[in-house]
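Undergrad: Could you build all of it, start to finish, from the sequences and the hints given here?
Protein sequences appear in the order of chains A and B. For the first sequence, the working numbering gives the first residue as 69, with consecutive numbering after it. For the second sequence, the working numbering gives the first residue as 19, with consecutive numbering after it.
Worth flagging that the hints you see were computed from the coordinates, not collected in a lab. A hint or two may mislead.
Claimed, not checked - Facing chain B, a subset of chain A residues (Cβ under 8 Å, in silico):
1. Met-69
2. Ser-72
3. Arg-79
4. Asp-133
5. Leu-140
6. Asp-144
7. Asp-155
8. Asp-186
9. Ile-188
10. Phe-201
11. Asp-447
12. Leu-448
13. Asp-516
14. Ala-530
15. Arg-533
16. Ala-537
Using N, Cα and C, we set each Cβ at its ideal position, and we do this for glycine too.
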Amino acid sequence: MKASNAVWKERLRGQLPPQLAEEIDTFETEIELRSQDKADEKVFAETRLRRGVYGQRYDNGQRHDGTQSRDLPFADKVTKGPHTMWDAPGMQRIKIPYGGLNPEQLELLAELAEEYSDGIAHVTTRQDIQLHFIHIEDTPALMRRLAAVGITTREACGNSVRNVTGCPYMGVCPDEPFDATPYANALTQFLLGHPDAQNFGRKFKPSVSGCEQHACGLAQMHDLGLVARVRTLDGQEQRGFKVVVGGGLGAVPRQAKVFDEFMPPEEILPVAQAIARIFGRHGEKKMRSRARLKFLIEKMGMEEFKTAVLEERAKLPEDPRWTDFVRDIENHEEQPLKPPGELPPLNGNARLNQWIKTNLRDQRQPGYVVATIALPLGDLTADQLRALADIARQFTRGTVRTTVEQNFVLRWVSKYDVPALYQALDAAGLSEPGASNLLDIVACPGTDTCKLGISSSRGLAAELRQRLAAKGVELDQALQDLHVKISGCFNSCGQHHAADIGFYGVSRTVQGFKVPHFQVVLGGQWEENAGSYGLPIVAIPSKRIPRALDLITDYYLRERQADERFPKFVGRIGKAKIRAVLDDLTKDAPAHEDEPDFYADWGDPRQYSIGDIGKGECAGEVVTQYEFETTAAERIVFEAQIHLEEGNASQAAKDAYRAMIKSAKALVQLQYDDVTEEDPDEVIDEFKERYYDTEVFHDPYAGPKFAHYLFAAHEKAGQNYDAESAHHLIEESLLFIEAVHSCYNRIRSAGLSEAGAS
Amino acid sequence: MDFQHFNVKIFVEGELTVDLQRFIEVFHSWVAEQSMDEMMIDIADYRHVPAGPGVLMVGLEADYSIDHNRSRFGLRYNRKAPLEGNNQDRLRQAYQAAASACTRLEAEFAELKFSRRELEVFVNDRALAPNTEEARDQLRTEIDTFVRDQLGQADCEAQFNADPRQLLGAVVTLSNVPEADLERPLVLA
Numbered sequence: 069m070k071a072s073n074a075v076w077k078e079r080l081r082g083q084l085p086p087q088l089a090e091e092i093d094t095f096e097t098e099i100e101l102r103s104q105d106k107a108d109e110k111v112f113a114e115t116r117l118r119r120g121v122y123g124q125r126y127d128n129g130q131r132h133d134g135t136q137s138r139d140l141p142f143a144d145k146v147t148k149g150p151h152t153m154w155d156a157p158g159m160q161r162i163k164i165p166y167g168g169l170n171p172e173q174l175e176l177l178a179e180l181a182e183e184y185s186d187g188i189a190h191v192t193t194r195q196d197i198q199l200h201f202i203h204i205e206d207t208p209a210l211m212r213r214l215a216a217v218g219i220t221t222r223e224a225c226g227n228s229v230r231n232v233t234g235c236p237y238m239g240v241c242p243d244e245p246f247d248a249t250p251y252a253n254a255l256t257q258f259l260l261g262h263p264d265a266q267n268f269g270r271k272f273k274p275s276v277s278g279c280e281q282h283a284c285g286l287a288q289m290h291d292l293g294l295v296a297r298v299r300t301l302d303g304q305e306q307r308g309f310k311v312v313v314g315g316g317l318g319a320v321p322r323q324a325k326v327f328d329e330f331m332p333p334e335e336i337l338p339v340a341q342a343i344a345r346i347f348g349r350h351g352e353k354k355m356r357s358r359a360r361l362k363f364l365i366e367k368m369g370m371e372e373f374k375t376a377v378l379e380e381r382a383k384l385p386e387d388p389r390w391t392d393f394v395r396d397i398e399n400h401e402e403q404p405l406k407p408p409g410e411l412p413p414l415n416g417n418a419r420l421n422q423w424i425k426t427n428l429r430d431q432r433q434p435g436y437v438v439a440t441i442a443l444p445l446g447d448l449t450a451d452q453l454r455a456l457a458d459i460a461r462q463f464t465r466g467t468v469r470t471t472v473e474q475n476f477v478l479r480w481v482s483k484y485d486v487p488a489l490y491q492a493l494d495a496a497g498l499s500e501p502g503a504s505n506l507l508d509i510v511a512c513p514g515t516d517t518c519k520l521g522i523s524s525s526r527g528l529a530a531e532l533r534q535r536l537a538a539k540g541v542e543l544d545q546a547l548q549d550l551h552v553k554i555s556g557c558f559n560s561c562g563q564h565h566a567a568d569i570g571f572y573g574v575s576r577t578v579q580g581f582k583v584p585h586f587q588v589v590l591g592g593q594w595e596e597n598a599g600s601y602g603l604p605i606v607a608i609p610s611k612r613i614p615r616a617l618d619l620i621t622d623y624y625l626r627e628r629q630a631d632e633r634f635p636k637f638v639g640r641i642g643k644a645k646i647r648a649v650l651d652d653l654t655k656d657a658p659a660h661e662d663e664p665d666f667y668a669d670w671g672d673p674r675q676y677s678i679g680d681i682g683k684g685e686c687a688g689e690v691v692t693q694y695e696f697e698t699t700a701a702e703r704i705v706f707e708a709q710i711h712l713e714e715g716n717a718s719q720a721a722k723d724a725y726r727a728m729i730k731s732a733k734a735l736v737q738l739q740y741d742d743v744t745e746e747d748p749d750e751v752i753d754e755f756k757e758r759y760y761d762t763e764v765f766h767d768p769y770a771g772p773k774f775a776h777y778l779f780a781a782h783e784k785a786g787q788n789y790d791a792e793s794a795h796h797l798i799e800e801s802l803l804f805i806e807a808v809h810s811c812y813n814r815i816r817s818a819g820l821s822e823a824g825a826s
Numbered sequence: 019m020d021f022q023h024f025n026v027k028i029f030v031e032g033e034l035t036v037d038l039q040r041f042i043e044v045f046h047s048w049v050a051e052q053s054m055d056e057m058m059i060d061i062a063d064y065r066h067v068p069a070g071p072g073v074l075m076v077g078l079e080a081d082y083s084i085d086h087n088r089s090r091f092g093l094r095y096n097r098k099a100p101l102e103g104n105n106q107d108r109l110r111q112a113y114q115a116a117a118s119a120c121t122r123l124e125a126e127f128a129e130l131k132f133s134r135r136e137l138e139v140f141v142n143d144r145a146l147a148p149n150t151e152e153a154r155d156q157l158r159t160e161i162d163t164f165v166r167d168q169l170g171q172a173d174c175e176a177q178f179n180a181d182p183r184q185l186l187g188a189v190v191t192l193s194n195v196p197e198a199d200l201e202r203p204l205v206l207a
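TA: The structure is reproduced here in C-alpha cells:
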C-alpha cells in the first residue's frame with residue numbers, strides 16, 4: 069500500500085545483516101506468490117505468522133454493526149490464510165528480546181507506528197511491541213527498516229520459539245545473584261531460527277528471571293523458565309540456573325515444573341536444544357489444543373521427559389555457541405551515563421512524591437534508580453517514543469526495557485537527576501504514577517483488535533483506570549498493591565490467572581439478548597514468578613464490573629487481618645463468602661428498553677454481539693430449561709472449587725465432572741428431552757451423536773477441544789484425583805461450560821432447526 | 019519530489035466541547051453505512067493516551083480521526099493508499115476528504131466548529147518526503163499554491179517542524195481571512 073516500499077528495499081540494500089536481508093527477500097517473494105495464488109493458503113498463513121504478521125478482528129470480511137452482520141467490501145482477491153481477506157489490516161508483532169531497546173530503535177518504532185500503523189505502539193505482556201492495522205504488502209519494507217536497527221520479527225508468532233522474555237531489572241535488581249541478561253541474549257540468538265526448533269505443533273515460550281521471589285520474569289508460566297542461582301562448590305561460587313519446564317497460561321494453565329535445581333550456564337543452550345528436539349519429535353501435532361509442551365510433559369511424566377531430554381542432549385554434536393558466550397560474561401555490565409547521586413529536596417510536589425513512591429526502585433548499585441514509565445493499557449504515541457529516546461540519551465546510556473506489565477523501565481538513572489527526569493517525562497505525557505499497582509491495569513487487546521476477543525478488556529481497563537485514578541492517593545496502601553489483569557477471553561493473554569483480581573471475557577444471554585460479561589478470577593499470585601493461578605468464581609455483566617471491584621476491595625479492607633496480603637485473604641476467607649458479596653450483581657438485569665447501555669460493551673455503542681444476533685426463535689420453555697441447567701452446572705463447579713479449597717480434591721473432581729455432564733445434558737435437551745444425568749453414558753452418547761459428530765459443538769477457532777475435555781473427564785470418572793489434577797479438571801469443566809454457552813448462542817443465532825433439532 | 023500519503027488535520031475552533039464518546043457513536047454509524055469515499059473497517063479508541071490519536075476510524079485506503087496529537091484537537095485525514103495525479107491533486111484530495119468529514123460532524127454537533135483559518139498538512143512517508151530543507155521548500159510551494167488556487171486566500175504562514183525525525187509537515191495559518199470567509203463551507207467547490 070505504501071508508495072515507498074520499493075524505495076526502502078533499494079535504500080537499505082547491502083546495509084542489513086545478510087541473513088536477515090535474505091529472509092525478508094524470501095518473505096517478500098512468498099507474499100508475491102500467494103498474491104498470485106501460487107502458494108497454499110495454510111502454508112502461507114503459517115509462513116507469515118512466523119514473521120510476526122498476524123490477523124486482526126474482522127479480517128474475515130464480516131463485521132457486526134449492532135443490528136446485523138455485514139460484509140466489509142474488501143476486493144475479491146486471494147486470502148492470506150483460511151477466511152482471512154488479503155486487504156484486511158493485520159497486526160505486526162515485533163520481538164524485543166528481554167524487552168531491551170536502545171534510543172535508535174525507539175525512534176525507528178516511532179517512524180513505523182506513524183507511517184504504517186495508527187500512530188500507536190503497543191507494549192505486550194511478553195515484552196513485544198505490536199503495531200496494528202498494517203497492510204501485508206507493507207510488511208517487507210517495515211521488516212527491512214527494523215533489521216537496519218538490529219530488530220527481527222522472525223518467529224514472533226506461529227509454532228516457533230517466541231520472544232525470550234526476561235526480568236527488566238536483570239543487572240540492577242538488589243535481589244538477584246547476578247545479571248542474567250547475557251544469558252537471555254545467548255538463548256535468544258541460539259534458538260532464533262535454529263533448525264531443531266522448526267517442527268513444533270505449537271508455540272514455545274522461554275523466559276529468564278533474575279530471582280525467585282518477584283514476578284518480573286514470570287518463569288513459572290513459561291514453557292522454559294530459567295531462574296538465576298549461585299552455589300558454592302569447593303569454596304568457589306558458581307553461577308547457574310534453576311530450570312523449570314512445561315508452564316503456560318492459555319485456556320488450560322499449568323505451573324512449570326522443576327527440570328533441574330541447578331544447571332551450569334554451559335548446559336543451558338544444549339539442554340534447550342534437546343528440549344526443542346524432544347518437543348518437536350514427540351509433541352502433539354494434530355490436536356492444537358494439546359500441542360503445548362505442558363501436555364507432552366503431562367503425557368510422558370516429568371521423569372521420562374527429563375530422561376529423554378538428557379539422552380538427546382548426550383547425542384548432540386558439539387556446538388561452539390554453547391559455551392562461547394560464557395567466556396566474557398562476568399565482565400558484562402551496563403554502564404551509567406552519570407555519576408551516582410542522592411535525591412535532591414523535592415519541595416512538596418505531591419505528584420512527584422507519589423511518582424517517586426510508585427515508579428522508582430533502587431538499583432543494587434548505590435546512587436541509581438530504575439524509573440518505570442507507566443503506559444495506560446500499554447500504549448504510547450510516536451512522539452512519546454521519540455521523547456523517550458531523547459530522555460534515555462539525556463539521563464542514561466540508552467538503557468531502556470519493556471516489561472511484562474506493558475510498561476517501560478529506564479535503568480541507571482542517577483538519583484540526583486530524578487526531579488529533572490520527572491520533569492522531562494511529564495512534558496512528554498509519560499509521568500503517570502502508579503506503576504505496578506492497582507492503577508496499572510494490564511489488558512490484552514480483546515475485542516478491540518483480537519479475532520478471539522469476547523468482551524472488551526481494554527474498554528473495561530480504561531474505565532477502571534479512570535475511576536481508580538479519580539480516587540488516586542486516597543486509595544489505601546493495601547489496595548494500591550493489588551494487581552488487576554484482564555483478558556478478553558479465556559486464553560489469558562492478559563495473564564488474568566496470575567493477578568490478585570483477574571477478569572476474563574465471556575458472553576451470556578439475558579432476556580433474549582447477548583450481554584458481555586467477565587468472569588471474576590481470584591486466588592492467583594503475581595509474586596514468585598506467578599507462583600499460583602486463580603480460578604473464576606462468578607460471571608458478572610461487564611457494566612457491573614466496576615461495582616464488583618469496589619465490593620471486593622471494600623470487603624478486603626473491612627475483613628483483612630493486620631497486614632494480610634490479598635491472596636492470603638482470599639485463601640482465609642474463602643471464595644464462597646466473596647462470591648456471596650457479588651451475588652446481587654448477577655441478578656435483576658434491567659430491561660433492554662430501560663437500559664440499552666447494559667447490553668453494550670465498554671466504549672462501544674453497538675448492541676453487543678459475538679456474531680449475528682439471534683432472532684429469538686427458540687421456544688421459551690426450552691430456553692428456561694437450558695438456563696436452569698447451565699446455572700446449576702455453574703453452581704456445581706463453583707462448589708468444586710470450595711471442596712478444593714477445603715482440601716477435598718476427590719469431591720472437587722466429582723463435582724467438576726458432574727457440572728460438565730449437567731451442562732452437556734442442557735444442550736442435549738434442546739433436541740431430546742428424555743436424557744437424564746443419572747446415566748452419564750447416555751448423556752455422553754447423545755451429546756456425541758448430536759453435537760460432536762455433527763461438529764455443531766465445535767468452536768469456530770478451537771475446534772473440538774472442549775468436547776474432548778468432557779470425554780476425557782468421563783473416561784476418568786471414578787478415578788482418584790489429587791489437588792493438582794482436580795484443579796485442572798475444574799478449569800476444564802469451566803471451559804466446557806463456557807463452550808456450551810457459546811454453542812447455545814450459535815444455535816440461537818442460526819435458529820434451532822439448522823442445528824438439527826428434532 | 020513526488021509527495022504521497024498526504025495528511026490534513028483541520029483544527030477544532032476553540033475548545034472541543036463534544037464528548038469523544040459521541041464521535042465514537044458517529045464513526046460507528048459511518049462504518050455501518052460505509053458512507054465515506056473509502057472503505058471503513060473499525061473504530062480504535064485511544065482516549066486513554068495523552069495527546070494521542072484520540073478516536074480513530076480505520077479504513078483501508080485512509081483513516082479519519084478526532085486527533086489530539088500535540089494536544090490540539092482536529093479532524094485528521096490520513097491517506098494510506100497511493101494516488102495518481104500530481105502533488106496538488108493529492109493535497110486537494112486529502113483536504114477535501116477531511117473537509118467533508120468536518121462538514122458532516124458540524125452538522126451532527128451544533129456546538130462543534132472547525133477552523134477556517136488553520137490546518138496542518140504533512141506527508142506521511144519519510145522515504146518519499148524526508149524532513150529536509152529542500153523538501154520543506156517544496157512543500158511550502160505546494161501549500162502556497164493550494165492556499166491561493168483552492169482556498170482562494172492570498173497569503174498564509176506555514177510553520178514547519180525542522181526536527182528531521184518528524185514527518186515533513188507544517189501548521190498552516192491563513193493570513194487576513196475576511197470575516198465573511200470564516201463561515202464559508204469547508205468543502206471546496
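Undergrad: Against each hint, give a clear statement of whether it holds in the structure.
TA: Results of checking the hints against the structure:
Nearest Cβ of chain B to the Cβ of A:Met-69: about 6 Å, under the 8 Å cut. The hint holds. Hint status for A:Ser-72: holds, given a least beta-carbon distance of 4 Å to chain B, under 8 Å. The beta carbon of A:Arg-79 is positioned within 8 Å of a beta carbon in chain B (closest approach about 7 Å), and the interface hint is therefore held. Checking A:Asp-133 against chain B: minimum C-beta separation of about 4 Å stays under 8 Å; hint holds.
The interface hint given for A:Leu-140 is met, as the beta carbon of that residue sits about 6 Å from the closest beta carbon of chain B, less than 8 Å. Nearest Cβ of chain B to the Cβ of A:Asp-144: about 13 Å, over the 8 Å cut. The hint is violated. At about 6 Å, the closest approach between the beta carbon of A:Asp-155 and any beta carbon in chain B falls short of 8 Å, and the interface hint on this residue holds. For A:Asp-186, the interface hint holds, since its Cβ comes within 8 Å of a Cβ in chain B; the closest pair sits about 6 Å apart.
Checking A:Ile-188 against chain B: minimum C-beta separation of about 6 Å stays under 8 Å; hint holds. At its closest, the beta carbon of A:Phe-201 sits 5 Å from a beta carbon of chain B; the interface hint therefore holds under the 8 Å criterion. Here the hint on A:Asp-447 is kept, as its CB sits about 5 Å from the closest CB of chain B, short of 8 Å. Because the closest C-beta pair between A:Leu-448 and chain B is about 7 Å apart, less than 8 Å, the hint holds.
This hint holds: A:Asp-516 has a C-beta 7 Å from the nearest C-beta of chain B, less than the 8 Å allowed. Interface restraint check for A:Ala-530: the shortest CB-CB distance to chain B comes to about 5 Å, inside 8 Å, so the restraint holds. Evaluation of the A:Arg-533 hint against chain B yields a held restraint, the C-beta minimum of about 7 Å falling below 8 Å. Hint status for A:Ala-537 relative to chain B: violated, with the closest Cβ pair at about 10 Å, above 8 Å.
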